[in-house]
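A.B. asks: What follows is each chain in one-letter form.
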Amino acid sequence: MNHGRKRVKPSAEVEKLRKEKEVTKIKEYRNLVESYFQKKDKKEFDNDALALTTKILSQNPDFYSIWNFRRLILLNGLLKECSEEDKQQTLSTELVFLQELFQLNPKSYWIFNHRRWCLETMQNPDWDKELQLVGKFLELDARNFHAWDYRRYVTSKLSCTTETSLTQIEFDFTTTKINQNFSNYSAWHQRSKLLPLLIKEKNLDEQEKKKLIDKEFELVKAAFYTDPDDQSAWLYHWWLVAQGSIISTSQMNEESKESSNSLNQNLSIDTSERIELLQREINVVKELLELEPDSKYCLQTLANLLSELKSNVKEDSKKIDDEIVTICDRLIKIDKFRTKRYEDLRSKFISNQQG
Amino acid sequence: MPQQLEVTEYDVIILGTGFVESILAGALARIGKSVLHMDTNEYYGGSWTSFNFQELLDWAQLLQGHVEESSGNSQENFEGKKALPINFSKARRQAYSTIEYEIYGILKQTNSTEENEEYLHKDEQDTSEETIRHVSTSLSNFERETLAKLLKESKQYNLDIAPKIMPCRGELIELLISSGVGRYLEFKALDKTYIYSDQDTFDKVPCSKEDVFTSQTVTLIDKRKLMRFLTFALDFTNSPETFEGYEEKPYEKFLKEKFQIDGKLLSAVLYAITLIQTKANDVNTIQGLTYTQRYLKSLGRYGNAAFLVALYGAGSEISQGFCRISAVFGGIYMLNHSIKHLLIDKSSNNFTGLIDVNGQQLSSTYLITSIDYIPEKLLQENEECEQISRAIVIIDRYIHEEGDASLTIFPPDSVGNEYPIRVLQFSEGTRSCPEDKYVLYMSTKASGKSAKEDLYKALEKLVNISNDDASLSSPLFALFYRHKFRDATLSSLLPDNIIVTNDSDSSLDFETATIQAKQLFEKMCPNEEFLPAVPDPDDDDL
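Residue numbers (UniProt numbering), protein chains in the order written: chain V, 1 to 355; chain L, 1 to 542.
Chain V on its own, in the form it takes in the complex (with noise of 0.2 Å):
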């Protein structure tokens, strides 16, 4: 009787077992890629050459010449001259072996791309379920990119075939992962995707669009407030700030229109919006400075805004350099790291200051 104890065996016996286990699986590894080189040489399109590449797949789904053999494998065999229906079947056959495969490893292009090319190979894919499952998909990891980029994919191809747009749902979507967790780039990126096509969709006048705007800088003012040690909500921040002016754009008349694409205005209207903007936010970094003197996301956005609003105004030139230069200082001091790059800045400014 243990007792309760469990037996523990003697590490050194375990580590023998498994270098022999090892080396056996390694040998069987080489073998099956072997037989693949000489079926593939030989243009052997079987069944025994599909459960081949079955096998290495389940170990390696990054081996994407296996993934192209397959594909030849089955346009050559189970899907040359069938009817629909088997071709569904086959294809959905196809589907499901690569959601096996995505518990291993969701980050892997080579699966996302053979199940791209299966639904485009079927007659009728279920772009629905796709749609649920790329949402499953992101409930398991919010920050896997992939995972995003094929959620566009699908979405494109759902509002094409059922000729809706799901801009609205998508952006409430990415509302949804932004509270559970804003650290998250791909959640912002997709936003920052979405949000100028809402605001062309739903034809928002002046007043609408600059009200929306502004809920964008509430919500990433949040996040940056909350921890202003991640980056992601802060390029979400750069991103709006440059929009302003790029939306103000379609507030030019035609020529301009075809003359202007930086974020340098000429037109007195637009840059007087810009330079509230532009304030606006100043005050709104400065504010948080105050309590996190250190943050380095918030002096870089600074020195960006300070220089940006500099091109804008015309006096205060001097002033403008100068808290930048000392910016600068503080962010050589902080961010060791960095330096080269502030200095690089700095040496701008200070140049100005001189001439």
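Note that these hints are calculated values from the structure, not bench results.
By construction, the Cβ of each residue, glycine as well, lies at the ideal position given by its N, Cα and C atoms.
Honestly, I wouldn't trust all of these hints.
[Claimed, not checked] DEER-style ranges, computed between Cβ atoms: (1) V:K21 - L:T290: 45 to 51 Å; (2) L:T201 - V:N283: 28 to 34 Å; (3) L:G416 - V:K209: 47 to 53 Å.
[What the hints assert, rightly or not] Here are the simulated DSSO-like cross-link-like pairs (lysine-lysine), alpha carbons at most 30 Å apart as the crow flies: (4) V:K286 - L:K253; (5) V:K25 - V:K43; (6) V:K211 - L:K204; (7) V:K215 - L:K264; (8) L:K155 - L:K523; (9) L:K258 - V:K221; (10) L:K297 - V:K136; (11) L:K258 - V:K296; (12) V:K286 - L:K264; (13) V:K21 - V:K40; (14) V:K193 - V:K129; (15) L:K461 - L:K264; (16) L:K264 - L:K445; (17) L:K256 - V:K221; (18) L:K523 - L:K81.
[To be verified] To give an idea of the interface, some chain V residues facing chain L are shown, with a C-beta separation under 7 Å as derived from the structure: (19) N179; (20) F182; (21) A222; (22) Y225; (23) T226; (24) L291.
Dock chain L against chain V, hints included.
C.D. replies: Same frame as chain V, now just chain L:
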């Protein structure tokens, strides 16, 4: 159950199947000690148990009733030893005071009275009629209907008389996992905490980064302050420079001066996250940071909740779980079994055994017991016992938001209360009541004349008592009572081989009780393993 035990000598006899006693029963049997575990009640859990609705009413009425004096309060002799009489009922009754209950008529009724009477089966009708008559002749018709309905669904209630929740990281949960008792239990998460603010509203308390980010009531600056503080507190021992000089100073002072946390935010940190039971000044910085850190470390282990709630009544279920371990390893169990006398050796002054209700003499090396079984003569008079005011309220709709379980805090002075009031809301999800009802468990350190006085104003803020606010949920039944926290300081007159377990205290969790069980075990069996894992029968390693 046999009237006479075959074996009369044991290593340990344990009286009372409360929480601490049960853990010890399990731990001692597990290391091979012979254990006899008895309880005068016919149920497990002692003063930590849970009752269905009928049982709760019976219990309340029992405690309100006349205190029987034991037939012989004087010391007797038995075979050359001192025989000290035990009066369990009296001791237990004396632990409780200011017991009163109210039944409320539901105005928003959908069933008519006739339907209600049809609803009840004949014998249930008889019992309820009897109970209704017994309860009060002065009930209005509406109130009689409420009572009848509650009695009809009595078995769907599991009402804790000493309700407690469990932090997701802490002594008890680790013990449940390591000992395997966790396998006998089911849990729900408690993931919402609210705090009453002086603007007569309840704010949701943000504790995780997600909560802080999405909160609509916390200002941006407060979000930053709170996050900065929470990040520090999670790992505070690694930044001693931050709290240097503040260790013994009040936690409140540290929060205000070092993190500029004040006002509502300060209240939330002190009473909803650190869960201070008394007043802010009573907790120093090290203590405060320790509790705060434990709360934060609990988050994320089982989702966004700091606490778990055991189904069917934590006190009762967990006690039973440990008794089961004890029984598996040979512990003998006798419920509904009274003890008449404790036997003390005259020369050594040690406990040698006891005499049970059947006159059988049982002996052991050690006696572990809850205070209710200690003869009056051996207890020290202590008027200064800490007291806890409680209320159990059955309501017809959730407060704040729908969910399995939530916690609401009233900070000191928010409703004329000296100490913080904590309100747990449980539901059908925790198997505390039927699907269409919710249960509120209110508690606070006693300060006024009665439990009702201590808690009523807070209750009025939560539910529609005076019938003028139909948007709030309505109460159907409320029981108020106060109980003492008696601990081992009362027992200095006791022989060394009698080990006394504390009553349930005012804390929201089982941590201090679990620690006591461990300490008592260590004292009795130094260097022995405390509840090592029981091998899983599905293990194929053996």
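A.B. asks: Does each hint hold? Answer for all of them.
C.D. replies: Evaluated hints:
1. V:K21 - L:T290: 45 to 51 Å: 47 Å, holds
2. L:T201 - V:N283: 28 to 34 Å: 30 Å, holds
3. L:G416 - V:K209: 47 to 53 Å: 51 Å, holds
4. V:K286 - L:K253: The given pair, whose Cα atoms are some 28 Å apart, holds under the 30 Å limit.
5. V:K25 - V:K43: 27 Å, holds
6. V:K211 - L:K204: With a Cα-Cα distance of about 27 Å, the restraint between K211 of chain V and K204 of chain L holds, given a limit of 30 Å.
7. V:K215 - L:K264: 26 Å, holds
8. L:K155 - L:K523: 41 Å, violated
9. L:K258 - V:K221: OK: K258 of chain L and K221 of chain V at ~24 Å, within 30 Å.
10. L:K297 - V:K136: 28 Å, holds
11. L:K258 - V:K296: 22 Å, holds
12. V:K286 - L:K264: Given that 30 Å is the threshold and the Cα spacing comes to 25 Å, the pair holds.
13. V:K21 - V:K40: Status holds; Cα separation ~29 Å.
14. V:K193 - V:K129: The given pair, whose Cα atoms are some 23 Å apart, holds under the 30 Å limit.
15. L:K461 - L:K264: 18 Å, holds
16. L:K264 - L:K445: 22 Å, holds
17. L:K256 - V:K221: Roughly 25 Å between the alpha carbons, so the hint for K256 of chain L and K221 of chain V holds.
18. L:K523 - L:K81: Given pair K523 of chain L, K81 of chain L holds - Cα atoms ~26 Å apart, limit 30 Å.
19. N179: Holds, because the Cβ-Cβ distance from N179 of chain V to chain L comes to roughly 5 Å (cut-off 7 Å).
20. F182: 6 Å, holds
21. A222: 6 Å, holds
22. Y225: With a closest approach of 4 Å, the Y225 of chain V hint holds.
23. T226: 5 Å, holds
24. L291: The hint holds - L291 of chain V has a Cβ within 7 Å of chain L, the shortest such distance being about 5 Å.
Hint 8 from the list above is the single one not met by this structure.
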